[in-house]
Amino acid sequence: MNIIQEIEIKSFQDFFNLVATGQNGDMNSFWFRGQGKASYGLKPSLHRHESINDQISLFNMEKNLLNRFKERSIPYLKNQISNNWEFLFLMQHHGMPTRLLDWTENPLIALFFALSTSPLNERGDYYEDAAVWLLSPSKWNRAIFKNQSYDGGALSTSDLLVNNGYSLETEIRLLNEYPVAILGIHNSPRIVAQRGSFCLFGKSLDTMDKIYEDPIFPNDCLKKIIIPSHLIDSILKNLIWMGITDAVIYPDLDGLSKETKRQFGYKV
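1 is the number of the first residue of the sequence shown in full-length UniProt numbering; add one for each residue after it.
Just so you know, the hints here were simulated from the structure itself, not pulled from any lab data.
Among the hints, a few may not be true.
[Claimed, not checked] What follows is a list of derived Cβ distance ranges for each label pair:
{"no.": "1", "residue 1": "T260", "residue 2": "N83", "range": "32 to 40 Å"}
{"no.": "2", "residue 1": "E6", "residue 2": "L174", "range": "43 to 51 Å"}
{"no.": "3", "residue 1": "P251", "residue 2": "D209", "range": "43 to 51 Å"}
{"no.": "4", "residue 1": "S167", "residue 2": "I4", "range": "24 to 32 Å"}
{"no.": "5", "residue 1": "E122", "residue 2": "N219", "range": "38 to 46 Å"}
[Stated by the list, open to error] Calculated lysine-lysine pairs in the DSS-like style (CA-CA distance at most 25 Å, straight line):
{"no.": "6", "residue 1": "K10", "residue 2": "K224"}
{"no.": "7", "residue 1": "K43", "residue 2": "K223"}
{"no.": "8", "residue 1": "K146", "residue 2": "K210"}
{"no.": "9", "residue 1": "K37", "residue 2": "K210"}
{"no.": "10", "residue 1": "K210", "residue 2": "K43"}
{"no.": "11", "residue 1": "K224", "residue 2": "K210"}
{"no.": "12", "residue 1": "K63", "residue 2": "K43"}
{"no.": "13", "residue 1": "K10", "residue 2": "K203"}
{"no.": "14", "residue 1": "K37", "residue 2": "K224"}
{"no.": "15", "residue 1": "K267", "residue 2": "K37"}
{"no.": "16", "residue 1": "K237", "residue 2": "K210"}
{"no.": "17", "residue 1": "K43", "residue 2": "K203"}
{"no.": "18", "residue 1": "K43", "residue 2": "K146"}
{"no.": "19", "residue 1": "K203", "residue 2": "K139"}
{"no.": "20", "residue 1": "K203", "residue 2": "K146"}
{"no.": "21", "residue 1": "K43", "residue 2": "K261"}
{"no.": "22", "residue 1": "K203", "residue 2": "K70"}
{"no.": "23", "residue 1": "K237", "residue 2": "K224"}
{"no.": "24", "residue 1": "K78", "residue 2": "K63"}
{"no.": "25", "residue 1": "K139", "residue 2": "K224"}
{"no.": "26", "residue 1": "K139", "residue 2": "K78"}
{"no.": "27", "residue 1": "K223", "residue 2": "K210"}
{"no.": "28", "residue 1": "K70", "residue 2": "K267"}
{"no.": "29", "residue 1": "K258", "residue 2": "K237"}
{"no.": "30", "residue 1": "K267", "residue 2": "K146"}
{"no.": "31", "residue 1": "K139", "residue 2": "K258"}
{"no.": "32", "residue 1": "K139", "residue 2": "K43"}
{"no.": "33", "residue 1": "K203", "residue 2": "K237"}
{"no.": "34", "residue 1": "K237", "residue 2": "K10"}
Quantities reported herein were computed from a predicted structural model and do not represent experimental measurements.
Even glycine gets a Cβ: it sits at the ideal position worked out from N, Cα and C.
Work out the full structure, taking the sequences as your base and the hints as a guide.
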């Protein structure tokens, strides 16, 4: 059984060193995901509904959400949506529950996500450790498709392996069990700014870190960097000083508002 390698940093420089070492000279070898609570598992938003307890309830919920979104979003669409994949990524962008789990190719963006979403207590202090997860999309996908024709790397929604094994139109019994690493449809400035990538979940209800316990996965394709709560404020200030800000990651009025609030001393 695989065990997640967890490394707790002691400084901002530690984070840089760990990320650089993990890449082994290949800046595309890992994706990153920041989470405000280190205790949280890797679970997409669709899975978090209290009524979902099996595969049928999961996919019924997805179909109901998709159909409702398609029916009600027509007046707001600026461009024509041609298929369900485009709708799925649009839903993810606007905060609807989906089977997609966000990742980024930029470790500093993931670090900003982790620190900026970590909870504050009544005194305005951070009280929980944050985390940045590292995923090798190539190694993960090779483990999933080891018995199929696959040449490595992240896939796209146009690949048959994705369309046959993860599509909404596929029967549940024929869907793949485990998540797949895919490149997203860049249908918004946010996804472009965040260098967004995704894991698309199959029919397993387990978190990605739980799935990783399966020995089919190599023991270095999923890692976790812990950022202690007492370092969050100082590292977040360093990131902002380096230009990793809300308005850069969220290139819209919402991002500008958050950035301005931080500049005037508000906790966001």
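Here is what the structure says about each hint:
no.	hint	in the structure
1	T260 to N83: 32 to 40 Å	38 Å, holds
2	E6 to L174: 43 to 51 Å	36 Å, violated
3	P251 to D209: 43 to 51 Å	31 Å, violated
4	S167 to I4: 24 to 32 Å	30 Å, holds
5	E122 to N219: 38 to 46 Å	41 Å, holds
6	K10 to K224	14 Å, holds
7	K43 to K223	15 Å, holds
8	K146 to K210	20 Å, holds
9	K37 to K210	17 Å, holds
10	K210 to K43	10 Å, holds
11	K224 to K210	13 Å, holds
12	K63 to K43	19 Å, holds
13	K10 to K203	38 Å, violated
14	K37 to K224	12 Å, holds
15	K267 to K37	17 Å, holds
16	K237 to K210	33 Å, violated
17	K43 to K203	13 Å, holds
18	K43 to K146	24 Å, holds
19	K203 to K139	20 Å, holds
20	K203 to K146	18 Å, holds
21	K43 to K261	30 Å, violated
22	K203 to K70	23 Å, holds
23	K237 to K224	22 Å, holds
24	K78 to K63	23 Å, holds
25	K139 to K224	16 Å, holds
26	K139 to K78	38 Å, violated
27	K223 to K210	13 Å, holds
28	K70 to K267	36 Å, violated
29	K258 to K237	14 Å, holds
30	K267 to K146	47 Å, violated
31	K139 to K258	37 Å, violated
32	K139 to K43	20 Å, holds
33	K203 to K237	40 Å, violated
34	K237 to K10	16 Å, holds
Comparing the model with each earlier hint shows violations of hints 2, 3, 13, 16, 21, 26, 28, 30, 31, 33; every other hint is respected.
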